[in-house]
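Protein chains: 2
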Amino acid sequence: MATRRLAIIGGDAAGMSAASAARRRDPDLEVVAFERGPYTSYSACGIPYYVGGLVEEADSLISRSPEEHRANGIDVRTRSEVVAIDLGARRLTVRSAAGEQSEEPFDQLVVATGAAAVRPPFPGAEAIEPAQTVDAAERLRAALERGGRTGDSAVVVGAGYIGLEMAEAFVDRGMRVTMIEMAPQVMATLDSDMAAHVQDAAEGRGVRVVLGAGVEEIVLDEGGAPVAVRTAGETFEADHVVLGVGSEPVVGLAEDAGLEIGESGALRVDDHQRCPGQDGVFAAGDCAESHHRVLDRPVNIQLGTHANKQGRIAGVNATGGDERFPGVIGTAVSKICRYEVGRTGISEREANDARIEIVTATIKDRTRAGYYPGAGPIWVKLVAAPDSGRLLGGQIVGTEGAAKRIDVLATAVWSGLAVQELALLDLSYAPPFSGVYDPLLIAARAVAKLL
Amino acid sequence: MATRRLAIIGGDAAGMSAASAARRRDPDLEVVAFERGPYTSYSACGIPYYVGGLVEEADSLISRSPEEHRANGIDVRTRSEVVAIDLGARRLTVRSAAGEQSEEPFDQLVVATGAAAVRPPFPGAEAIEPAQTVDAAERLRAALERGGRTGDSAVVVGAGYIGLEMAEAFVDRGMRVTMIEMAPQVMATLDSDMAAHVQDAAEGRGVRVVLGAGVEEIVLDEGGAPVAVRTAGETFEADHVVLGVGSEPVVGLAEDAGLEIGESGALRVDDHQRCPGQDGVFAAGDCAESHHRVLDRPVNIQLGTHANKQGRIAGVNATGGDERFPGVIGTAVSKICRYEVGRTGISEREANDARIEIVTATIKDRTRAGYYPGAGPIWVKLVAAPDSGRLLGGQIVGTEGAAKRIDVLATAVWSGLAVQELALLDLSYAPPFSGVYDPLLIAARAVAKLL
Numbered sequence: 008m009a010t011r012r013l014a015i016i017g018g019d020a021a022g023m024s025a026a027s028a029a030r031r032r033d034p035d036l037e038v039v040a041f042e043r044g045p046y047t048s049y050s051a052c053g054i055p056y057y058v059g060g061l062v063e064e065a066d067s068l069i070s071r072s073p074e075e076h077r078a079n080g081i082d083v084r085t086r087s088e089v090v091a092i093d094l095g096a097r098r099l100t101v102r103s104a105a106g107e108q109s110e111e112p113f114d115q116l117v118v119a120t121g122a123a124a125v126r127p128p129f130p131g132a133e134a135i136e137p138a139q140t141v142d143a144a145e146r147l148r149a150a151l152e153r154g155g156r157t158g159d160s161a162v163v164v165g166a167g168y169i170g171l172e173m174a175e176a177f178v179d180r181g182m183r184v185t186m187i188e189m190a191p192q193v194m195a196t197l198d199s200d201m202a203a204h205v206q207d208a209a210e211g212r213g214v215r216v217v218l219g220a221g222v223e224e225i226v227l228d229e230g231g232a233p234v235a236v237r238t239a240g241e242t243f244e245a246d247h248v249v250l251g252v253g254s255e256p257v258v259g260l261a262e263d264a265g266l267e268i269g270e271s272g273a274l275r276v277d278d279h280q281r282c283p284g285q286d287g288v289f290a291a292g293d294c295a296e297s298h299h300r301v302l303d304r305p306v307n308i309q310l311g312t313h314a315n316k317q318g319r320i321a322g323v324n325a326t327g328g329d330e331r332f333p334g335v336i337g338t339a340v341s342k343i344c345r346y347e348v349g350r351t352g353i354s355e356r357e358a359n360d361a362r363i364e365i366v367t368a369t370i371k372d373r374t375r376a377g378y379y380p381g382a383g384p385i386w387v388k389l390v391a392a393p394d395s396g397r398l399l400g401g402q403i404v405g406t407e408g409a410a411k412r413i414d415v416l417a418t419a420v421w422s423g424l425a426v427q428e429l430a431l432l433d434l435s436y437a438p439p440f441s442g443v444y445d446p447l448l449i450a451a452r453a454v455a456k457l458l
Numbered sequence: 008m009a010t011r012r013l014a015i016i017g018g019d020a021a022g023m024s025a026a027s028a029a030r031r032r033d034p035d036l037e038v039v040a041f042e043r044g045p046y047t048s049y050s051a052c053g054i055p056y057y058v059g060g061l062v063e064e065a066d067s068l069i070s071r072s073p074e075e076h077r078a079n080g081i082d083v084r085t086r087s088e089v090v091a092i093d094l095g096a097r098r099l100t101v102r103s104a105a106g107e108q109s110e111e112p113f114d115q116l117v118v119a120t121g122a123a124a125v126r127p128p129f130p131g132a133e134a135i136e137p138a139q140t141v142d143a144a145e146r147l148r149a150a151l152e153r154g155g156r157t158g159d160s161a162v163v164v165g166a167g168y169i170g171l172e173m174a175e176a177f178v179d180r181g182m183r184v185t186m187i188e189m190a191p192q193v194m195a196t197l198d199s200d201m202a203a204h205v206q207d208a209a210e211g212r213g214v215r216v217v218l219g220a221g222v223e224e225i226v227l228d229e230g231g232a233p234v235a236v237r238t239a240g241e242t243f244e245a246d247h248v249v250l251g252v253g254s255e256p257v258v259g260l261a262e263d264a265g266l267e268i269g270e271s272g273a274l275r276v277d278d279h280q281r282c283p284g285q286d287g288v289f290a291a292g293d294c295a296e297s298h299h300r301v302l303d304r305p306v307n308i309q310l311g312t313h314a315n316k317q318g319r320i321a322g323v324n325a326t327g328g329d330e331r332f333p334g335v336i337g338t339a340v341s342k343i344c345r346y347e348v349g350r351t352g353i354s355e356r357e358a359n360d361a362r363i364e365i366v367t368a369t370i371k372d373r374t375r376a377g378y379y380p381g382a383g384p385i386w387v388k389l390v391a392a393p394d395s396g397r398l399l400g401g402q403i404v405g406t407e408g409a410a411k412r413i414d415v416l417a418t419a420v421w422s423g424l425a426v427q428e429l430a431l432l433d434l435s436y437a438p439p440f441s442g443v444y445d446p447l448l449i450a451a452r453a454v455a456k457l458l
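As they're listed, the protein sequences go chains A and B.
One rule links them: number in my numbering = place in the first sequence (from 1) + 7.
One rule links them: number in my numbering = place in the second sequence (from 1) + 7.
Take these hints with a grain of salt, some might be off.
Below, simulated EDC-like cross-link-like pairs (lysine to aspartate or glutamate); rule was C-alpha separation at most 20 Å, straight line [as the list claims (entries may be wrong)]:
| id | chain 1 | residue 1 | chain 2 | residue 2 |
| --- | --- | --- | --- | --- |
| 1 | A | LYS456 | B | GLU364 |
| 2 | A | LYS456 | B | ASP329 |
| 3 | A | LYS456 | B | ASP33 |
| 4 | B | LYS456 | A | ASP329 |
| 5 | B | LYS456 | A | ASP200 |
| 6 | A | LYS371 | A | ASP200 |
FRET-style restraints, in silico, Cβ to Cβ [claimed, not checked]:
| id | chain 1 | residue 1 | chain 2 | residue 2 | range |
| --- | --- | --- | --- | --- | --- |
| 7 | A | PRO393 | B | PRO380 | 43 to 51 Å |
| 8 | B | ALA143 | A | PRO393 | 36 to 44 Å |
| 9 | B | ASP277 | A | ASN79 | 36 to 44 Å |
| 10 | A | THR369 | B | ALA91 | 21 to 29 Å |
Per the computed footprint, the stretches of chain A lying under chain B, defined by three or more beta-carbons under 8 Å from a beta-carbon of chain B, are [what the hints assert, rightly or not]:
| id | region |
| --- | --- |
| 11 | 191-198 |
| 12 | 223-232 |
| 13 | 356-367 |
It is worth saying that the hints were derived from the structure and are not from the lab.
We put the CB at the ideal spot given by N, CA and C, even for glycine.
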C-alpha cells in the first residue's frame, strides 16, 4: 500500500498545528506543508513589539522554524504558493518562488490560508505594505531605522487594536504619531464608553487621535514614498504610514476549488473542522469560521489562539481522531499604552445589533487595595440577560493586573453563570491584587441589582 | 411601638458589613455595634505591608472609621467588650475600657467576633503580642523602628502565608530573618511540590527557612523581651520574634450563650447565616462556618472576602431579607517575594485526606510570550475527578500576572467545568499576558490526557 499523504496549505499557526498533531498521531503518514513566505509558525501578534523595538530580534517571533518542523518529520516547503486545488483529482498546483509549477497529490487536505490585510480603496494605499508577516515587519523596521529619526511623523490609519499597538510602537521610537479612524471611536470591539478610556491612554502617550475621519488619499512623492495622508478636513504630514484597517480571510483559492463560503465570508466548517460535503478536507484558523456560542451563529475571528486549537483539531481528525472544536465567545486582550484591555462574549452594541435584550452596568474601581502601592483604575462593564441574569459578555479596561481578569468573565460566560451567582463567587483576595470585593464581584452585583 | 434594635458583636469586616446592610435596608432600625478595640473595618491582610513599611500610615488600613460609620447612622461603641449574651432576655452585658458594665437590649443579633491568633504552648510565647489588629501592628512597627536597625535579627515562627508575608516585611526593613516551621513544607494550603517554589522565593529573598522544627522555647531576657528562639536542634538569636502559627475562631462567648459549635470549631450557621434554632440570631465572618462546595462539608476559612459577603447577607436577612450565602471553595491568593501564589478548590493532599479519588498534573510555563520582556516562570497544578474530568482544584505559583489566574480556576471549579472543556475554553491571548496557549489551557490538557 502506498504511503498516505496529508497536504497543508499555509505554514503558520493553524497549518503547522495541524501538521504537528498529524505527525504525532501517525508516524507513517507523509505530512507536507506549503507556505508562500519564508517563515513558519510566527507570532503575528508580536509584530508591533518588534517594530517598536521592545523585541529586538525578528527571529524571536518565530516559535518554530521550517528546519525545526523538518526535524520533526514534516516536509515544509517555504516560498511555495498553492495556486490551485483539484479536489476530485486530489492534487494541488504549487508555484515556487522561481516561478516553477508542480503538481502535488494529497489524500487529506487542511486549508489554513490565513487572513490578509484589507486593501483600502483610496489612492496611494497600494504603496503601503501591510506589516502582517515577519518579513514585511523586517522591511518596515529597517525603513524606520534608516529614516526614522526622533521627531519623524507617522500616521496610522485605523484605530483597532493593531493600529493602536503600532501607534504605541512608533511613540516608543520617539516619533510624532497621528491615528486616523473613520468610526467615531477607537477599538470597535469595545462599546464606545469603554473605548473612550483606551483613547485616553493613547492620547496620554502623545498619540493624536482623529476620529470620524475618512482617508481620501495617501499622498506619495515622486519616488512613490508616502509624504502625507489627506482626509476631507485636513492633511497630515507623514514620513511613515501604516494601515491597520482590518483583515479578511484568504478564501479565493478554496472557493475556486468548490469549498463553501459561510455567511461570515470565511470557509464553512463543522465542529470537527471538516469542510461540509468534502471528505478528508479540513479548514482551520483565520480563513475558517467558528461557532459563536453567545450569538449562536458562525463568525470569523482571526486570532492565534483559535488558529492553534483548530489546527490541532484538524490534524487530529485528519488522522482518524474525533475531536470537537467547541466554538468561541469572542475573548480578546491587548495592552494599549498604560491600560490593559479585555473583552469577552457580546458587547452592548453587538447585543443591540443582534436584537438581544440585555441589561448592562459599568463600575469603576481600583486594581489593588487602595492603600497598596501601584493601585490604578479599572473599569468593568458587564452585559447580561434580563430574565435569567445570565452573563453574556464583559469588557475590562485598567492598569496592570486588569485585563487577564477577562478570563474569569470568559469562563463565566462559557459556563452560563448568572450575575447573581457571580456576585457571590469565591474569587481570590489579597491587597496586592484587589480590594476585598474584586471589581468583577462589584460589577456583577451592580448588574444583579437591575434585574 | 418601640424602635427595634439590631446589636452586632464585633466591628470589623463581617460586623460592619452587617451593620451597613441593615442600616441601608431599614432606616427605622436602631443599629448598634460593639467593638472591643479602638478601630472598625480595618484590613488585617494589609498589616504585613504596614509592618514592612510598604504602606506608610496605619490609618490607610482602615476602610471606614467609627466616626464614618456613625455618620451613616450606626451607633458604634469602640473599646466596648461584650462579656455575656443572654439570648432568652435578649440582652448583652458590655464592659467598657474603664471597666464599667452595662446591659444592652437587642431584638436581632449578629455575632461577628472574628478569630484570634493561636497561642502556642511553649514558654515565652506569652511575651509576644500577635500582630493581628491595627493597634498591635502599630506597637510592633514602633518597636521595630526603635530597635530595628539594619542587621537586626528576626525569627518568624510559622510559615503560613501570614508568616511568609511578615518575613518579607522584615527583609524589606533590612533585617536577617529566620523562619521556623514545624511542618515539612511552607504554606500548608499548597501541596508540597508547589510549596517548594514558594520556599525558593523566600530563600531567594534571603530568608533562612527551617522546616520540620518545633519551637521549644522563646528565650526572654530579664526585662521579658525575646532574645532567641530555641528548637530541639538549634537556638536562633532573635532581636524580634513574630508568631504566625494560625488563628482560631473566637466562639467562647457565643458558646456560653448556647449557640451551636460546628465540626470545624466555628459557629454553626445555615446558608442564610442564621444560627440554627435561634430566631433572629446570626453569625458571620471568621467566627462562623461556611459550606465548602467541593468537600461538601462545613469549614472555617478566615478571610476578609467571606467575612464581607457573609456580614452583608446577615444584615440583609436580619432586616427581613432573603439572601443566601452559596458557600466557599477555598480560593486564596498572596504575594510572597518574587512569586504570586494562588489556590482554589481542593489540593491533592486535601483530596487524599478526604478519600476523594483524583487525577492531577502540574505544568511549568511562562507568564508571557517567551519573546516579550518580563516573562517569568509559572507553575499550574490541577486536580480533577477521574471519571468526569470535573475540575476540583488548582494551585498556581509564578511571577507577576500568575496568581489572579486562580480566579479562572475558581470559576471553573464553581461551575463544575471538566478539564476537557477547560482545555478548549476561549481564554484571552496577547504576548504581554501569555503564550498562545494560556498556561491554564496547557495544564487542563495535561490532566485531560490522563483521563
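(request) Quickly compare the C-alpha distance for LYS371/A and ASP200/A to 20 Å and report which way the hint goes. (result) At roughly 12 Å apart (the allowed maximum being 20 Å), ASP200/A and LYS371/A satisfy the hint.
(request) Below or equal to 20 Å on CA atoms is what counts here, so check LYS456/B against ASP329/A. (result) Given that 20 Å is the threshold and the Cα spacing comes to 14 Å, the pair holds.
(message) Does the beta carbon distance between THR369/A and ALA91/B stay inside 21 to 29 Å, or does it fall outside?
(response) violated (48 Å)
(request) Assess, step by step, whether the Cα of LYS456/A is no farther than 20 Å from the Cα of GLU364/B, and give holds or violated. (result) At roughly 40 Å apart (the allowed maximum being 20 Å), GLU364/B and LYS456/A break the hint.
(message) The hint says 43 to 51 Å between PRO393/A and PRO380/B; measuring C-beta to C-beta, is that right?
(response) Between PRO393/A and PRO380/B, where Cβ atoms are some 44 Å apart, the hint holds.
(request) For the pair supplied as a hint, LYS456/A and ASP329/B, confirm whether the alpha-carbon distance does not exceed 20 Å. (result) Holds, because 14 Å separates the two Cα atoms, which is no more than 20 Å.
(request) Please count how many residues of the region 356-367 of chain A have a CB within 8 Å of a CB from chain B and say whether that reaches 3. (result) violated (count 0)
(message) Given a hint of 36 to 44 Å, does the C-beta separation of ALA143/B and PRO393/A actually sit inside it?
(response) Given a distance of about 49 Å, which is not inside 36 to 44 Å, the answer is violated.
(message) Between the alpha carbons of LYS456/B and ASP200/A, is the straight-line distance 20 Å or under?
(response) It is violated: about 43 Å lies between the C-alpha atoms, which goes past 20 Å.
(message) Holds or violated: the 36 to 44 Å window for the beta-carbon distance between ASP277/B and ASN79/A?
(response) violated (59 Å)
(request) Take the region 191-198 of chain A, compare each residue's beta carbon with every beta carbon of chain B, and decide whether three or more fall closer than 8 Å. (result) violated (count 0)
(message) Check the hint pairing LYS456/A with ASP33/B against an upper bound of 20 Å on the C-alpha distance.
(response) holds (18 Å)
Comparing the model with each earlier hint shows violations of hints 1, 5, 8, 9, 10, 11, 12 and 13; every other hint is respected.
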